[in-house]
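Just so you know, the protein sequences line up as chains A and B, in that order.
For the first sequence, this note's numbering begins at 424 and goes up steadily by one.
For the second sequence, this note's numbering begins at 105 and goes up steadily by one.
In case anyone wonders, no lab produced these hints; they're calculated from the structure.
Glycine included, every Cβ here is placed at the ideal spot set by N, Cα and C.
Be a bit skeptical, because a hint or two may be false.
[To be verified] Have a look at the derived ranges for each label pair, beta carbon to beta carbon: (1) A:I718 x B:E133: 33 to 39 Å; (2) A:T447 x B:A132: 43 to 49 Å; (3) A:F725 x B:R414: 53 to 59 Å; (4) B:S288 x A:F725: 44 to 50 Å.
[What the hints assert, rightly or not] EDC-like, lysine to aspartate or glutamate: derived pairs with alpha carbons at most 16 Å apart: (5) A:K523 x B:D419; (6) A:K701 x A:E666; (7) B:K286 x B:D356; (8) B:K267 x B:D356; (9) B:K267 x A:E474; (10) B:K237 x A:E474; (11) A:K647 x A:E666; (12) B:K240 x B:E133; (13) A:K674 x A:D735; (14) B:K386 x B:E115; (15) B:K237 x A:E666; (16) B:K407 x B:E133.
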Amino acid sequence: MARAITYSEALTEALAEELDRDPTVFFMGEDIGYGGVFGFAHGLQKRFGAERVFNTPISETLIVGAGVGAAITGTRPVVELQFADFVAIAMDEIYNKAAKWRYMHGGQFSVPLVILAPEGAIGGAGPEHSQCPEALFWSAPGLYVLTPSSPADMKGLLKSAIRDPNPVLIMPHKALLNTSGEVPDGDHLVPLGQAAVCRAGSDVTVVAWSAMVPKALEAARQLKGEIDLEVVDPRGIRPFDFEAVLTSVRKTGRLVIAHEASVVGGPGAEVAAVVAEKAILHLEAPIRRIGAADIPIPQSSFLERWVIPQVDDIINAVRETSGKAVSAAKLA
Amino acid sequence: MNERQLLGLYEGILRCMLWEQGLMSMQAEGRISGFYHSGRGQEGVQVGAIAAMAPQDYLLYAHRGCGYMIARGMPMEVVYSDFLGMMEGSTRGIGAGIVHIAWPSLGILGQSGTLGGSFTIAVGAALSARIRKENKVVVCFFGDGTANRGTFHEAANAAGVWKLPIVWLCENNGWAVSTTFKESCAVSSIAERAAGYGMPGVVVDGQDSAAVHEATRVAIERARSGGGPTLIEALTCRFRGHYEGDAQEYRDRGELDRQRKDRDPVEIMAARIRSSVPNAEKELEAISERVKSEVAGAAEKAKSGTMPPRSRIYDYVYA
């Protein structure tokens with residue numbers, strides 16, 4: 424059985440179930456006592472007590488660093504950075520401590536820490552509250568990085584992340600919080616590092632994650648009958664399911680990579696490079712990458728929509744990649 | 105403090121000093137690099153404070169020598185092996201200078217290679233103990249230079265507001281590499297800052313190991329009984345350069361020579377023992393003979409270890 428719930432509800436359910444299941448799980452962050460600015464902790468402090476669900480000062484290095492200290496000493500902390508952009512404040516704690524503590528100390532510790540950090544543009548939040556910073560963590564061995572695109576994945580990935588012995592940065596997309604979808608009943612877990620084929624197709628592979636998944640599926644719907652899209656969601660960038668992408672590309676011969684972060688220095692570059700290294704002879708057209716322009720995100724939501732990739736950008740890239748003629752009628 | 109305790113502190117201080125001498129020999133033999141920050145002069149702080157800890161407590165050490173690990177009881181040959189990059193080291197061949205040595209069974213949680221990274225880790229360890237309902241105190245060492253990291257503010261404030269069982273132990277040797285304390289700190293003592301974090305601030309003579317022990321004992325007792333954190337500032341001396349090979353051209357020779365002559369924690373403790381313990385000379389000599397032989401044995405044992413295979417670099421990235 425399954426129920427339709429929102430992405431945000433799925434997130435809170437995952438937290439509640441894991442807090443209930445394991446007394447060493449706790450949740451801390453700015454303003455989460457009352458539920459948090461995005462409501463992730465709604466009802467949790469009342470249910471689990473202020474010793475396990477509590478506010479922190481505005482101290483991001485503390486939030487993540489204390490998470491590491493708690494994780495290496497026998498608890499499973501979930502810590503919240505109010506916006507994913509704040510990874511820049513706590514970068515030493517994420518990049519050097521959470522990711523490397525185990526390795527640096529010869530495997531004597533594990534770091535079962537979850538950093539919850541909502542990402543993405545939502546209309547007017549500005550250049551420091553709208554970014555998708557996952558590309559930074561391609562260079563962070565030791566860390567996992569997840570970007571759920573549906574309520575079912577939000578719940579299943581978060582629950583798996585909390586149980587995993589490794590540090591996981593999980594970045595829910597803010598624009599997806601109110602989207603609904605079916606979530607299986609019971610103890611729903613999604614394994615880390617396993618891509619989802621969200622739509623099977625034969626003509627062009629679109630690798631998309633986070634908020635670009637619903638956009639890619641919408642592009643597939645609009646192109647139905649013209650070009651048959653296969654939409655593959657890697658569900659994050661570490662661990663990255665390259666095999667799923669290569670399998671799809673070997674079938675379609677054509678690849679579009681769509682993410683919300685900028686193309687330049689963006690997370691798709693590594694995917695394109697690996698496909699070029701391992702499957703270039705299967706490619707029938709150049710790889711296309713869709714992402715934001717190489718500029719900061721403007722505060723004005725009027726301008727923001729021109730920076731963030733939209734469904735039409737995916738459709739245009741797919742048409743170019745497919746080698747099929749673009750008719751004036753279809754563009755209009 | 106009774107005479108057994110004084111002799112115990114002397115033995116600890118001497119062990120740290122002689123262990124470091126052994127390391128210097130390995131460096132002279134070209135077995136290890138110069139990435140070592142000597143703790144010579146600061147052993148009294150480390151030994152005195154750590155002697156006040158209970159077996160279950162957590163330790164986050166600083167980068168001035170290895171007195172912290174040695175005083176806590178980590179096998180000396182294991183610490184040597186870390187410097188030698190051998191499989192028998194605590195990091196299993198990954199190598200470790202001052203940082204990244206860890207020994208969880210003694211609560212030695214490792215160290216942040218970026219200065220000040222340990223402050224927030226200490227808060228997390230204290231939170232974790234509270235959540236698991238274990239009566240542990242965290243002792244977090246740091247230098248006066250590191251006290252200027254923003255992480256200190258975030259961690260000290262949280263420890264204060266949450267009344268966490270932490271002892272912040274600042275070894276103030278007056279120098280951050282070549283920058284003096286006076287030119288980098290807005291107040292005349294680190295301990296003064298404690299008021300801003302709702303905790304007591306205590307200044308103690310770091311060359312008097314017994315005084316450091318007493319200050320730490322009081323702070324640990326307070327932390328363990330729910331009274332919250334304490335900031336201890338131990339005034340101490342750095343006898344050698346920041347790293348091995350640092351000629352310390354920025355320092356006043358006269359002052360340095362005076363420190364080495366008058367402020368050596370080994371000599372200070374020996375003098376105290378001579379004035380208060382019967383048969384002092386005999387006791388001191390016996391300790392010296394025993395510790396020398398232990399240290400030499402540890403060095404020999406470490407040198408016969410094994411270097412890691414190439415595949416080792418891929419181990420322990422993920423659990």
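Of all the hints given earlier, name the ones this structure violates by number, lowest first.
-> Violated hints: 1, 8, 11, 12, 13, 15; rest satisfied.
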